[in-house]
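Participant: Chain by chain, the residues run as shown.
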Amino acid sequence: MLFFSKWKITLILGALMVGFFFALPNALPSETRKDLPAMFQRTINLGLDLQGGAHMLLEVDLSSALDSELDNQVDSIKDVFREQRIRTEFLRKENGIISGRVRKAEDMAKIIGPLQALAQPVDPRSLSQDKTIAVKQISDRNFQVEITEANLEFIQQQTIDKSIEVLRRRIDPQGTTEMTLAREGKTRILLQIPGAQNVDEIKERINKTANLSFHMVRAESNNEAAMRLAFEKGTVPPGAAFFPEEQGGGLIVERRTKITGECLKNSSEGIKPETNNVAIVNFTFNVRCARLFGELTSKNIGQRFAVVLDELIITAPRINGAITGGSGYIEGSFTLESARELALLLNAGALPAKLEIVEERTVDPSLGADSIRAGKVASMIGLMGVGLFMWLSYGLRFGTIANMALSLNIILIAGALSLLGSTLTLPGIAGIILTIGMAVDANVLIFERIREEAHLGRPPVNAIETGYRRSLAPILDANITTLIAAITLYFVGSGPVRGFAVTLAIGIVMSVFTAVVVARLITATWLRRKRPKSLPI
Amino acid sequence: MKDISLVKILPMEPKVPFINMRVIAAVLSVMAIIASIFLFSTKGLNYGIDFTGGTVIEIDTGAEPDDAKIRTVLTDLGFAGSTIQGIAPPEGSGIDHRLVRIGLQLQDESNEGAQAQQQALTRAVDGLKAEIGDFKIRNQEVVGSAVSGELRRKGMLAVGLALLMVLAYIWFRFEWQFGLGAVIALFHDVILTIGVFSLTQIEFNLSIIAAILTIVGYSLNDTVIVYDRIRENLRKYKKMPLPDVLNLSINDTLSRTILTSLTTLLALLALYILGGAGLRGFSFAMIWGVFVGTYSSIFVASPLLLALKLKRGVNTGNAEAREA
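Heads up: the sequence lines are chains A and B, in that order. Count the first sequence with our numbering and you get residues -6 to 530, in order. Count the second sequence with our numbering and you get residues 58 to 381, in order.
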């Protein structure tokens, strides 16, 4: 146990050096750190609870994405019936299933084939044969169309990916903020922004779907009876939709439209020409939509179209002439500020689903700084207390060995945390302080065993040798069990608790290494140099 | 070099009759467990918003806050029953007045989910700012009920899973009586910790779950050390009666138990006193855990081996390998 070959010593010292170098940048002022090679720029990553910032968990409302997929399918089914010149008795969607009935049983044979042809591969890029929908004939006149499991999953994935993409553009249009946006579980998105100050503004941007579309206003909007029906019962003529207006009232519009937010190439806030204080949002369509919009406006001169944002009509101007340039502006009750915000949202694109903030934790940097300060003081005092205690208990010689192991342990923890880029949280600090107290345990075990062996009459070298050998198994057993607890905590825990688990686990591994390997090397070196006749403990 | 190793004060071969005290200890432990379960089922735990869901903000009003005024404003806004708690400014922060922690009590919105919670928070903050002037929000936590339910489930799962894994490991390393004994001792520690949190009504949140798992780790550490020595002594003294072997092993490891508990307590005390309000609950739980964990290794885990009728000399395999 006390013999170390050259290469073993080199390995141990090498490991210590690596730990030391990775820990070092943390102790340097940031200006000095900048001149170091990139490898040594890494420092311990502070969690949001320590550096301040916003943590939000967003629930993606996948039902709306599913609903719009169902609507699309209903539209396609209607198209098929139209092409085949077959009439349906009814066609409705409920509980995620579209069911319909044809008038005559002989129509079924004609329609079922084309309906089944609607099923497309879920993901054209993947090799799987999964189809988007499953068409089933239930009786001689009834059929059902269901969205397949694979398609549901695909829609889920797409919705969340798209949401993340849009959020990134909305919250960080310049791409300069350091933030985390990641899928969490099946239906959630985790958003973390270190040092965020404008939390309310960020929340605004999360809450707005920014679904923009242009719809032709239907003639029924002038029909009092139809409007009353729409207002009071929400019933509208087939193919139409009713949206409230921002200034009150509402309009019946064409439900389907090809001019949506996807059409926008660019938008920006501005002031309406020939006025000096009316804020507007300028927009430019892409080429395809510019042509579509040109055709639409030239066919409908004198009619009105409604600009709908998140199911609310912002404005419904009359078409005075064909708009072929592919650009225009939206005039609503904007301030310059809200126009700028809308332009930003439109540029970022619409969210494919509603998002709900189900968890929010925002910490002001000043609170984080207080926590760090308290943590530093507590660990310094704890470290000093434990160090002093070890000296008093084991005397200068063995006390120093234990304390050297303890100091190296702290340095190695700092190095490992920097190297792994793991995040130090407030409970993580607690983990380190706890480790300080528990780290000496391995040394205590060894020293107590040595004392025991010496007491049994073994000469010093033999006692130390036996002490180290016999305490190895209990040390490993004891620490592996704690490690198991830490690992469980990591996998099941979340957020700050995970940070705690990481520091605890690293602390356990490092304390075993420093006590069992490094301290043994120090002891062996001391024995070889001094050859003591008796043990000072 | 003249040394002052105080450790020499500890007797080399202590002979405290721990095992003889097992009846008293058992009575004590069973009573404590019953008391804990009773407290837990009557008083319950003071769950933090991690587990109940809710909204908590910590504000700095820039001067000594007027708690009564804040309460009136919140009640007028429809948040009657909100908790308002002054907290001492953190040391070294340069703040010379108390901060206020507000637990917002929602009325009818409480069933309407996270969106309503967010809106309520905005309403409360805007309303307060209008009445008591601008303030700085140092901490803002909004946890929806879906999330808190999950956190609760996950927390329980973490503790349960950790206990299972540990049982498996000890079973693998020792004999089944050891595994069972260790896990019963751990349940003892966990139940008593929950009992203390019920008694003191200290907020029970996610970091307390972390603390409980650490207590599990710590207590186990202690138990394994004693068990390991029991296994060794069982091989060494084949004729000695089991109670004597247990007692000898506990005494053999006693100095280590005392020293390690003391160093851990030292570090935890520093954390409790100086670590700031955020870690106080955690360090309290841990300090309690050190006492309970040490107690249970000596008075619960070891005597349990007697109760579980540990067999002698059948399979103490690993000890043999170590001696070779």
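Worth flagging that the hints you see were computed from the coordinates, not collected in a lab. There may be inaccurate statements among the hints.
[Claimed, not checked] Cross-link-like lysine-lysine pairs, in silico, BS3-like; alpha carbons within 27 Å at most:
| id | chain 1 | residue 1 | chain 2 | residue 2 |
| --- | --- | --- | --- | --- |
| 1 | B | Lys211 | A | Lys179 |
| 2 | B | Lys295 | B | Lys186 |
| 3 | B | Lys193 | A | Lys196 |
| 4 | A | Lys201 | B | Lys186 |
| 5 | A | Lys523 | B | Lys295 |
| 6 | A | Lys251 | A | Lys292 |
| 7 | A | Lys526 | B | Lys65 |
| 8 | A | Lys103 | A | Lys124 |
| 9 | B | Lys186 | A | Lys196 |
| 10 | A | Lys86 | A | Lys71 |
| 11 | B | Lys193 | A | Lys369 |
| 12 | A | Lys523 | A | Lys1 |
| 13 | B | Lys193 | A | Lys201 |
[Said to hold, decoys possible] Coverage of chain B stretches by chain A, computed from C-beta distances (three or more under 8 Å per stretch; other residues unrestricted):
| id | region |
| --- | --- |
| 14 | 74 to 84 |
| 15 | 130 to 139 |
| 16 | 294 to 306 |
| 17 | 310 to 320 |
| 18 | 327 to 338 |
Predicted, not measured: the structure shown is a model, and the values here were computed from it. Glycine included, each C-beta is placed from N, C-alpha and C at the ideal position.
Participant: For each hint, tell me whether it holds in the structure or not.
Facilitator: For each hint, the structure was consulted:
The hinted pair formed by Lys211(B) and Lys179(A) meets the criterion: a straight-line CA distance of about 16 Å does not exceed 27 Å. With a CA separation close to 77 Å, the supplied pair Lys295(B) and Lys186(B) exceeds the 27 Å bound. Among the hinted pairs, Lys193(B) with Lys196(A) is consistent with the structure: their alpha-carbon atoms are about 18 Å apart, no more than 27 Å. Distance restraint check for Lys201(A) and Lys186(B): the Cα-Cα separation of roughly 25 Å lies within the 27 Å cut-off, and the hinted pair is therefore satisfied.
Our distance criterion of 27 Å between C-alpha atoms is broken by Lys523(A) and Lys295(B), whose separation comes to about 39 Å. Of the pairs offered as hints, the one joining Lys251(A) and Lys292(A) holds, with about 15 Å between alpha carbons and a cut-off of 27 Å not exceeded. Our distance criterion of 27 Å between C-alpha atoms is met by Lys526(A) and Lys65(B), whose separation comes to about 18 Å. Pair hint Lys103(A) plus Lys124(A) holds up; C-alpha atoms about 21 Å apart against a cutoff of 27 Å.
Distance check on the hinted pair: Lys186(B) and Lys196(A) sit about 19 Å apart at the alpha-carbon level, within 27 Å; holds. Restraint check for Lys86(A) and Lys71(A): the C-alpha separation of about 13 Å stays at or below 27 Å, so the hint holds. Using a Cα cut-off of 27 Å, the hinted pair Lys193(B) and Lys369(A) holds, with the two alpha carbons roughly 25 Å apart. For a cut-off of 27 Å, the pair hint linking Lys523(A) to Lys1(A) stands: about 22 Å separates their Cα positions.
Between Lys193(B) and Lys201(A) the alpha-carbon distance is near 26 Å, which keeps this suggested pair within the 27 Å criterion. Here's how the region 74 to 84 of chain B fares: 0 of its residues keep a CB closer than 8 Å to some CB of chain A, so the rule of at least three is not met and the hint is violated. Coverage of a stretch by a chain is defined here by at least three residues with a beta carbon nearer than 8 Å to that chain's beta carbons; for the region 130 to 139 of chain B and chain A the count is 0, and the condition is violated. Only residues whose beta carbon comes within less than 8 Å of a beta carbon in chain A count, and the region 294 to 306 of chain B has 0; fewer than three means the coverage is violated.
Counting residues of the region 310 to 320 of chain B whose CB lies closer than 8 Å to any CB of chain A gives 7, so the stated coverage by that chain holds, three being the minimum. Counting residues of the region 327 to 338 of chain B whose beta carbon lies closer than 8 Å to any beta carbon of chain A gives 8, which reaches the threshold of three, so the coverage claim holds.
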